[in-house]
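A.B. asks: Taking the hints into account, I'd like the entire structure generated from these sequences.
Count the sequence shown with this note's numbering and you get residues 584 to 752, in order.
The set of hints was computed from the structure by calculation and includes no laboratory data. One thing to keep in mind: the hints can contain errors.
Label-pair distances were calculated between CB atoms; the ranges are [said to hold, decoys possible]:
1) Leu636 to Leu745: 41 to 49 Å
2) Leu664 to Gly641: 25 to 33 Å
3) Val752 to Ile719: 17 to 25 Å
4) Glu644 to Glu601: 20 to 28 Å
5) Ala747 to Gly687: 38 to 46 Å
6) Leu730 to Glu595: 43 to 51 Å
7) Arg598 to Asp662: 42 to 50 Å
8) Thr718 to Leu594: 30 to 38 Å
9) Gly713 to Gly600: 28 to 36 Å
10) Phe619 to Ala715: 23 to 31 Å
11) Ile604 to Gln656: 35 to 43 Å
Just so it is clear, CB atoms sit at the ideal spot from N, CA and C, and this is done for glycine as well.
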Amino acid sequence: LAPAEATKYSLERIRRGEDTISVTGNVLRDYLTDLFPILEVGTSAKMLSIVPLLAGGGLFETGAGGSAPKHVQQLVQEDYLRWDSLGEFFALAASLEHLADTTGNERARVLAETLDAATGTFLENDKSPGRALGTIDNRGSHFYLALYWAQELAKQTKDADLAAVFAPV
Numbered sequence: 584l585a586p587a588e589a590t591k592y593s594l595e596r597i598r599r600g601e602d603t604i605s606v607t608g609n610v611l612r613d614y615l616t617d618l619f620p621i622l623e624v625g626t627s628a629k630m631l632s633i634v635p636l637l638a639g640g641g642l643f644e645t646g647a648g649g650s651a652p653k654h655v656q657q658l659v660q661e662d663y664l665r666w667d668s669l670g671e672f673f674a675l676a677a678s679l680e681h682l683a684d685t686t687g688n689e690r691a692r693v694l695a696e697t698l699d700a701a702t703g704t705f706l707e708n709d710k711s712p713g714r715a716l717g718t719i720d721n722r723g724s725h726f727y728l729a730l731y732w733a734q735e736l737a738k739q740t741k742d743a744d745l746a747a748v749f750a751p752v
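C.D. replies: Next up, the structure:
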């Protein structure tokens with residue numbers, strides 16, 4: 584189908600609540616992975632797009648919850664960066680899981696599982712950056728993700744060496 588027809592067809596299926604897999608070029612993929620998260624949860628930063636590559640690798644991408652020029656403008660004017668890395672945390676966990684699956688690296692699997700758990704705690708405690716100065720910014724959100732991940736690594740039981748490293752946290 585032409586991109587316009589493919590978009591219309593995909594939207595019709597989605598409206599009916601049907602699972603839809605679109606094999607498309609970049610235009611429709613951007614439309615589906617950026618627009619719908621913004622409509623559904625108010626930001627593209629909470630969406631993970633995984634694209635398997637023919638040679639076995641993968642692309643793990645996400646949005647940032649706004650436009651880079653606006654982020655930079657606020658950073659320069661207010662020393663406040665609201666870049667939301669939540670999707671990047673999802674992408675890192677998915678890439679670690681992919682590494683574990685393709686190489687048998689069990690430490691990578693532990694890192695992926697604990698990062699997923701840490702990201703859950705991050706979401707439950709609402710530690711994503713706010714839009715306005717005076718709320719948590721990118722520095723704060725990264726602090727909390729690192730803290731929650733370290734706590735998950737310390738309490739996991741699949742890799743005692745990793746648990747011991749993070750136990751003091």
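A.B. asks: Looking only at beta-carbon atoms, does the pair Ala747, Gly687 fall within the given range of 38 to 46 Å?
C.D. replies: 23 Å, violated
A.B. asks: Confirm or reject the claim that Gly713 and Gly600 have a C-beta distance inside 28 to 36 Å.
C.D. replies: At roughly 33 Å between Cβ atoms, Gly600 and Gly713 fall inside 28 to 36 Å, so the hint holds.
A.B. asks: Does the Cβ distance between Thr718 and Leu594 fall inside 30 to 38 Å?
C.D. replies: 35 Å, holds
A.B. asks: Taking the CB of Val752 and the CB of Ile719, does the distance hold inside 17 to 25 Å?
C.D. replies: 20 Å, holds
A.B. asks: Holds or violated: the 20 to 28 Å window for the beta-carbon distance between Glu644 and Glu601?
C.D. replies: Between Glu644 and Glu601, where Cβ atoms are some 25 Å apart, the hint holds.
A.B. asks: Do the beta carbons of Arg598 and Asp662 sit within 42 to 50 Å of each other?
C.D. replies: 44 Å, holds
A.B. asks: Please test the hint of 23 to 31 Å on the beta carbon pair from Phe619 and Ala715.
C.D. replies: Holds - the Cβ-Cβ distance for Phe619 and Ala715, about 26 Å, lies within 23 to 31 Å.
A.B. asks: That 35 to 43 Å hint for Ile604 and Gln656 (C-beta), does it hold up?
C.D. replies: 38 Å, holds
A.B. asks: Evaluate the given range 43 to 51 Å for the C-beta pair formed by Leu730 and Glu595.
C.D. replies: The hinted range 43 to 51 Å holds for Leu730 and Glu595, with Cβ atoms some 45 Å apart.
A.B. asks: Do the beta carbons of Leu636 and Leu745 sit within 41 to 49 Å of each other?
C.D. replies: 29 Å, violated
A.B. asks: Within 25 to 33 Å: is that where the Cβ-Cβ distance between Leu664 and Gly641 falls?
C.D. replies: 28 Å, holds
Checked against the numbered hints above, the structure breaks hints 1 and 5 and satisfies the rest.
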